[in-house]
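Chains C and U, in that order, give the protein sequences. Residue 1128 in my numbering sits at position 89 of the first sequence, and the numbers go up by one each step. Residue 277 in my numbering sits at position 235 of the second sequence, and the numbers go up by one each step.
Note that these hints are calculated values from the structure, not bench results. Heads up, a few of these hints could be off.
Claimed, not checked - Quick partial rundown of chain C residues pointing at chain U, CB under 8 Å, derived from the structure:
#, residue
1, R1072
2, V1085
3, W1087
4, P1160
5, I1176
6, G1282
What the hints assert, rightly or not - What the simulated footprint calls covered on chain C by chain U, stretch by stretch (three residues with Cβ under 8 Å from a Cβ of chain U suffice, anywhere in the stretch; the number is not a length):
#, segment
7, 1251-1262
8, 1308-1315
Idealized CB from N, CA, C, for every residue including glycine.
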Amino acid sequence: MTALWLAIGFWLAAWGVNVWLSGSRFGRTGPGRALVPILFGVTVLVLWEGLVRGLGIAGVILPAPSVIATRIAGSLPTLWQDFVQTILKGAIPGFLIGSGAAFLTAIAIDRSPFLQRGLLPIGNFVAALPIVGLAPILVMWFGFDWQSKAAVVVVMVFFPMLVNIVAGLQACDRMQRDLMSTWGASYLQSLVKLRLPAAMPFIFNGLKIASTLALIGAIVAEFFGSPIYGMGFRISTEVGRLGLDMVWATIAVAALAGSVFYGLITLIERWVTFWHPSQRH
Amino acid sequence: MNRVLPVLTVLAGIVVIWYAAAIWMNSTWVFDQANRAGTTVSWAEVIPQTMAQDRPLLPPPHQVGAELWKGLFGQAITSKRSLVYHGYVTFKGTMMGFGLGILAGVLLAMAIVRFRVMDMSVMPWAIISQTIPIVALAPMIITLSSQMGLSGRDLPKAVIAAYLSFFPVLVSMVKGLRAPDQMQLDLLKTYGASEMATFLKLRLPASMPYFFASLKVAVAASLVGTIVGELPTGAIEGLGARMLIGSQFGEPLIMWAALFAAAILAGLLILVVGFVERLARKRMGVPA
């Protein structure tokens, strides 16, 4: 029980510190802004550990963070193999091919307002559909290895990207386009120098949505058949034999991979669209 | 007419490509059969055979349509083979998750707008939570709830759906509750309005357009969550389960029919939410 009380004590103390930090002048500086959420995250972990230990919750229901951490440290090779299979071979190639195909399609239909008016409503609708459902079909077509996972990701990523890129290509206003034509700019020049840069905020918005979808697609596709490694495979088999610490370890890796992936896109966005109002601080 | 024609053209193009792909993909099987029988087949003989296989690699549209029709209207809607029944199970899960997600999103947004400490500590984690592939959690949430003595799959499904759908609501509500500008807030202060009154009479009404805009995204996310929640561990009811059954028994037609049933359900949900949005906007006096 002491563990539980200690954890609750830590929670109250951290809460107090956070309330003070967010009100103080230090909380408005850079490190202060980072410290508050970190403290919150640590508190959640401590509380979790305290609850599991204090109340004696069985490991098959909820393993403590320390147990999960030991498990991660103990099975790094397995986790790395799963990571390579699911993220590096499944999610990332699918993400690149899908967004690349969406980009080429958007450019191809750029000169035809007729096709755009036809594709946009359909693209918007398909983007809202549960495309994950295609996973079993694509696994049937492309086999159990990473190719089918990449294919699922391609299909999931394509439509949200297409909608965002087409919207982005229309983002610059009439005046700017007229200016380009008074300079005698060709279609290609005005595309590369004006319309693509103007589309970048939209494209990055699409890429961010697509990055989460890519991970979802790659993991779900493994539920329908995979070689004997991969994150989705690991999760579904370990749940079956109640190895919940391994499941949580895989989830931790997935969470880390997802956040890093998202963070990378945000960094590139900051570098590419430095001129956009949302990036000025 | 100006808006319908392009959409119809593109749809017709998709159907044509679909038929071409079906002929191409299913022809392998026909050629294999002919090879085994020691005969040769011409394309004129192949094409009809690609259109009516029992287990085609890619069923052509009319086969999917027939299977969908059979699933929707072929039997009593309470039958276990009826897609209406399975669609209803999925719909129920979606609505529970949608409701939970809205509740969680709105409450969290209220706390975040009211307390600076909540904004600083919870908001970054809410964003990070969406980069975590929730589907990784799905099988675990299901086993977990069964071990805690909750039989039935409604709750775990709803939790997964809620997790996916709370985020758009949260983000839009935070934006919406902060939409009133300083001038309006100052005005209410000069009236001596309490914090509660400011919230009820200014912030909440100002947030409504944002709220309804987020609902469409949230309901679609909730449907995806429900279907994913039905996929992994041996569910027997719901559209996701139908897809799984089709996959495990090698019945592509069942899979495709379930997929299109899910698409129809998604379309209906988005239409209804859009209708409610228009109704609410009209009621609040926003010009359409």
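Going through the hints against the structure:
1. For R1072/C, the shortest C-beta to C-beta distance to chain U is roughly 7 Å, which falls under 8 Å, so the interface hint holds.
2. For V1085/C, the suggested interface contact is broken, since its CB lies about 14 Å from the closest CB of chain U, more than 8 Å.
3. At a threshold of 8 Å, the smallest CB-CB gap from W1087/C to chain U is about 14 Å, leaving the interface hint violated.
4. Here the hint on P1160/C is kept, as its CB sits about 6 Å from the closest CB of chain U, short of 8 Å.
5. About 6 Å separates the beta-carbon of I1176/C from the nearest beta-carbon of chain U, less than 8 Å, and the hint is met.
6. At its closest, the beta carbon of G1282/C sits 11 Å from a beta carbon of chain U; the interface hint therefore is violated under the 8 Å criterion.
7. Here the segment 1251-1262 of chain C counts 6 residues with a CB under 8 Å from a CB of chain U, which clears the bar of 3, and the coverage holds.
8. With 0 residues having a beta carbon nearer than 8 Å to a beta carbon of chain U, the segment 1308-1315 of chain C misses the requirement of three or more and the stated coverage is violated.
Violated hints for the displayed structure, listed by number in ascending order: 2, 3, 6 and 8.
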